[in-house]
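Kindly produce the complete structure, drawing on both the sequences and the hints.
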Amino acid sequence: MKGIAIAKSQHHINKSFYLKNLLGDRILDIISFRSKSFNGEHFFKNKRKVRSIKSFKQIEKIFSKIDFVIIFGFHANKDNIELKNISDKYNVKLILFQETHMLTTHLGKIYNIIMNPDYLIPSSDFENEMIEEGKYFPKERLKNFGNIFGQNYLNFLHDKIERRKQKNLLLVFSAPINLDPIDGETFEQRLAIIKYFQDKKAFKSIILRLHPFEDTNSFLSFLSKNKIKLFLDDHNISLFESSLGYSNVVSSTTSESLFEIIYNPSSDIFIYSRDKTSIISEMFLNEKSIYIDADLNLVLKKLENKKLIERFKKMLSGGEDPHIEKLKLFFSKEKKHYKEFILTQGWDDFFSFNYKSTKDLSKIYKINVPEVRDGNIINQIEQSDTFSAKALRIQALSQTIVSNFRVKITQEFAQKISEKIFVSSMVKNFKIQSLIFWQYIRFHNFKLNFSKIELQREVIFLVERDFYNKNLALKIAFKILNSTMIILRFSAFKFLIRSKVLKLLLFIKNK
Numbered sequence: 000m001k002g003i004a005i006a007k008s009q010h011h012i013n014k015s016f017y018l019k020n021l022l023g024d025r026i027l028d029i030i031s032f033r034s035k036s037f038n039g040e041h042f043f044k045n046k047r048k049v050r051s052i053k054s055f056k057q058i059e060k061i062f063s064k065i066d067f068v069i070i071f072g073f074h075a076n077k078d079n080i081e082l083k084n085i086s087d088k089y090n091v092k093l094i095l096f097q098e099t100h101m102l103t104t105h106l107g108k109i110y111n112i113i114m115n116p117d118y119l120i121p122s123s124d125f126e127n128e129m130i131e132e133g134k135y136f137p138k139e140r141l142k143n144f145g146n147i148f149g150q151n152y153l154n155f156l157h158d159k160i161e162r163r164k165q166k167n168l169l170l171v172f173s174a175p176i177n178l179d180p181i182d183g184e185t186f187e188q189r190l191a192i193i194k195y196f197q198d199k200k201a202f203k204s205i206i207l208r209l210h211p212f213e214d215t216n217s218f219l220s221f222l223s224k225n226k227i228k229l230f231l232d233d234h235n236i237s238l239f240e241s242s243l244g245y246s247n248v249v250s251s252t253t254s255e256s257l258f259e260i261i262y263n264p265s266s267d268i269f270i271y272s273r274d275k276t277s278i279i280s281e282m283f284l285n286e287k288s289i290y291i292d293a294d295l296n297l298v299l300k301k302l303e304n305k306k307l308i309e310r311f312k313k314m315l316s317g318g319e320d321p322h323i324e325k326l327k328l329f330f331s332k333e334k335k336h337y338k339e340f341i342l343t344q345g346w347d348d349f350f351s352f353n354y355k356s357t358k359d360l361s362k363i364y365k366i367n368v369p370e371v372r373d374g375n376i377i378n379q380i381e382q383s384d385t386f387s388a389k390a391l392r393i394q395a396l397s398q399t400i401v402s403n404f405r406v407k408i409t410q411e412f413a414q415k416i417s418e419k420i421f422v423s424s425m426v427k428n429f430k431i432q433s434l435i436f437w438q439y440i441r442f443h444n445f446k447l448n449f450s451k452i453e454l455q456r457e458v459i460f461l462v463e464r465d466f467y468n469k470n471l472a473l474k475i476a477f478k479i480l481n482s483t484m485i486i487l488r489f490s491a492f493k494f495l496i497r498s499k500v501l502k503l504l505l506f507i508k509n510k
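Residue numbers (numbering that gives the first Met the number 0): 0 to 510.
Bear in mind the hints are in silico, worked out from the structure with no lab data behind them.
Glycine included, every Cβ here is placed at the ideal spot set by N, Cα and C.
Errors might be hidden in some of the hints.
[To be verified] Distance condition first, Cα-Cα at most 30 angstroms in a straight line; then the derived DSSO-like pairs of lysine-lysine:
1) Lys-53 <-> Lys-88
2) Lys-312 <-> Lys-142
3) Lys-332 <-> Lys-287
4) Lys-306 <-> Lys-7
5) Lys-138 <-> Lys-92
6) Lys-334 <-> Lys-7
7) Lys-334 <-> Lys-64
8) Lys-287 <-> Lys-203
[Unchecked claim] Cβ pair distances, simulated, as ranges:
9) Asn-154 <-> Leu-27: 19 to 27 angstroms
10) Gln-57 <-> Asn-296: 28 to 36 angstroms
11) Ile-52 <-> Lys-228: 23 to 31 angstroms
12) Asn-216 <-> Lys-325: 41 to 49 angstroms
13) Leu-307 <-> Asn-235: 30 to 38 angstroms
14) Thr-185 <-> Lys-226: 12 to 20 angstroms
15) Glu-139 <-> Ile-227: 32 to 40 angstroms
16) Asn-154 <-> Lys-287: 40 to 48 angstroms
17) Lys-1 <-> Asn-285: 46 to 54 angstroms
18) Lys-53 <-> Asn-151: 31 to 39 angstroms
This is the structure in structure tokens:
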């Protein structure tokens with residue numbers, strides 16, 4: 000089999016070159032999608048460039064000559080819809096390497112694998128167990144080869160690297176709330192962490208490393224308003240290599256950064272937590288942890304227990320080297336291409352807080368996963384009437400609808416409307432389409448497990464009370480939609496027209 004790798008960030012580039020090193024000529028090319036300056040010069044003496052594109056249609060001709068495409072995430076957006084459609088057209092397999100340890104850091108929640116690839120390669124044995132236990136992906140298409148991007152991967156990228164140790168501090172932040180409205184950290188929380196270390200006055204300088212997909216100007220502007228000027232770390236250098244230049248490195252318990260930093264042999268490593276929402280925080284935080292800010296629930300801990308650190312590494316890899324030969328064999332044989340288009344079950348547990356699979360698996364490693372009360376998120380929503388809170392309500396509804404409606408899509412409507420309507424239109428105008436689907440579901444009286452999950456009904460109530468019932472334009476629009484559904488078929492064209500009308504109504508209302 001021959002194929003290409005699609006990279007959307009520098010760490011995707013890093014991992015693509017490592018896979019090319021393992022698989023050789025099976026990977027014909029590495030494509031950088033919508034990137035600015037990513038390239039392969041950092042890894043190859045011949046300064047091999049990476050081709051950059053802005054649309055998958057630019058490389059459609061390549062698909063007639065390849066068997067697979069390697070990807071590292073599969074969000075529900077129009078670019079990935081385009082990739083999926085082209086892959087279906089040429090019968091090309093989409094093979095997704097789970098580059099993140101998402102279920103480990105977020106207690107069973109999945110954010111970056113929303114659409115289904117043909118095959119999923121988990122990032123570790125532990126992630127594989129959680130995916131199997133939660134039935135997030137068809138078992139026959141789940142291929143586990145251990146922690147491929149562990150120590151061997153870092154050795155490949157950073158062989159013989161020597162960096163001068165400095166009395167500096169590297170602060171590695173996780174995704175902000177404007178990037179992740181559900182679990183993101185606030186700028187105020189980041190500010191509290193910065194001020195804590197500034198007050199220590201023990202560091203020559205403090206350097207920030209922000210989330211690779213966030214708008215850095217927003218946070219720097221926020222710091223400027225608070226009379227703080229700090230410099231950013233270079234994202235074109237991998238986090239592991241960058242961390243070698245600092246005597247102290249700080250990482251979040253809900254960030255992927257610890258999975259690279261943990262292999263740093265010489266720097267002091269600290270972790271901070273906003274609450275105990277990950278296996279990392281459950282494993283490392285204890286009564287000796289330091290409270291940075293009690294009001295913001297910020298806790299800091301230095302990683303000093305070597306046994307715990309080794310147990311953490313073992314949890315990632317299962318105590319075995321990655322199965323490289325099996326990986327090569329997998330890419331040597333022809334694979335089946337699946338043309339069905341459904342959303343993964345990763346969101347099924349999102350608003351039900353069903354952590355059973357996580358708790359069962361965590362017992363193996365003697366980790367105490369706390370109970371999470373359904374009321375917590377409702378209380379958070381009720382406490383604020385800001386735009387972010389309203390957006391949170393809509394996103395909550397969207398995820399609830401997706402989580403439940405996907406069952407009906409796969410069982411009753413897969414051939415009729417999933418490809419024409421659910422896929423092409425809903426992902427483009429996600430929040431508005433969620434409301435339309437909500438009406439559609441109610442009209443057809445689908446029984447969707449709402450009665451079983453109190454939180455989902457609570458979220459529906461909040462959206463009805465604060466968004467739908469107070470928006471006369473939407474109420475009128477939905478009444479018209481409901482009446483037309485009786486007469487007209489739910490076609491893709493009519494669905495798109497309705498969404499445009501709704502967008503116009505919302506635009507007029509917000510003027």
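Against the structure, the hints come out as follows:
For the hint linking Lys-53 to Lys-88, the alpha-carbon distance of about 20 angstroms falls within 30 angstroms, and the restraint holds. Proposed proximity of Lys-312 and Lys-142 is supported: the alpha carbons are some 21 angstroms apart, at most 30 angstroms. Note on Lys-332 and Lys-287: the hinted pairing is violated, with a Cα-Cα distance of about 52 angstroms set against a maximum of 30 angstroms. About 36 angstroms separates the Cα atoms of Lys-306 and Lys-7, which puts this hinted pair outside 30 angstroms; it is violated.
Distance hint between Lys-138 and Lys-92 is fulfilled; the C-alpha atoms sit about 17 angstroms from each other, no more than 30 angstroms. For the suggested pair Lys-334 and Lys-7, the alpha carbons sit about 25 angstroms apart, so the restraint of at most 30 angstroms is met. Proximity of Lys-334 to Lys-64 is assessed by CA-CA distance (about 15 angstroms); at most 30 angstroms being required, the pair is judged to hold. Among the hinted pairs, Lys-287 with Lys-203 is consistent with the structure: their alpha-carbon atoms are about 27 angstroms apart, no more than 30 angstroms.
At roughly 25 angstroms, the beta carbons of Asn-154 and Leu-27 sit within the given window of 19 to 27 angstroms. Under the hint 28 to 36 angstroms, the C-beta atoms of Gln-57 and Asn-296, about 46 angstroms apart, miss the expected range. A hinted range of 23 to 31 angstroms for the beta carbons of Ile-52 and Lys-228 is inconsistent with their spacing of about 36 angstroms. Checking the proposed 41 to 49 angstroms range against Asn-216 and Lys-325 shows it holds: the Cβ atoms sit about 45 angstroms from each other.
Between Leu-307 and Asn-235, the C-beta spacing of about 32 angstroms keeps the proposed range 30 to 38 angstroms intact. Distance hint check for Thr-185 and Lys-226: the Cβ-Cβ separation is about 19 angstroms, which falls inside the suggested range of 12 to 20 angstroms. One distance hint, 32 to 40 angstroms for the beta-carbon pair Glu-139 and Ile-227, is violated here, with the actual separation near 52 angstroms. Checked against the hint of 40 to 48 angstroms, the pair Asn-154 and Lys-287 fails, with Cβ atoms roughly 33 angstroms apart.
Between Lys-1 and Asn-285 the beta carbons are some 51 angstroms apart, a value that agrees with the proposed interval 46 to 54 angstroms. Our hint of 31 to 39 angstroms for Lys-53 and Asn-151 holds, since their Cβ atoms are close to 33 angstroms apart.
The structure shown violates the earlier hints numbered 3, 4, 10, 11, 15 and 16.
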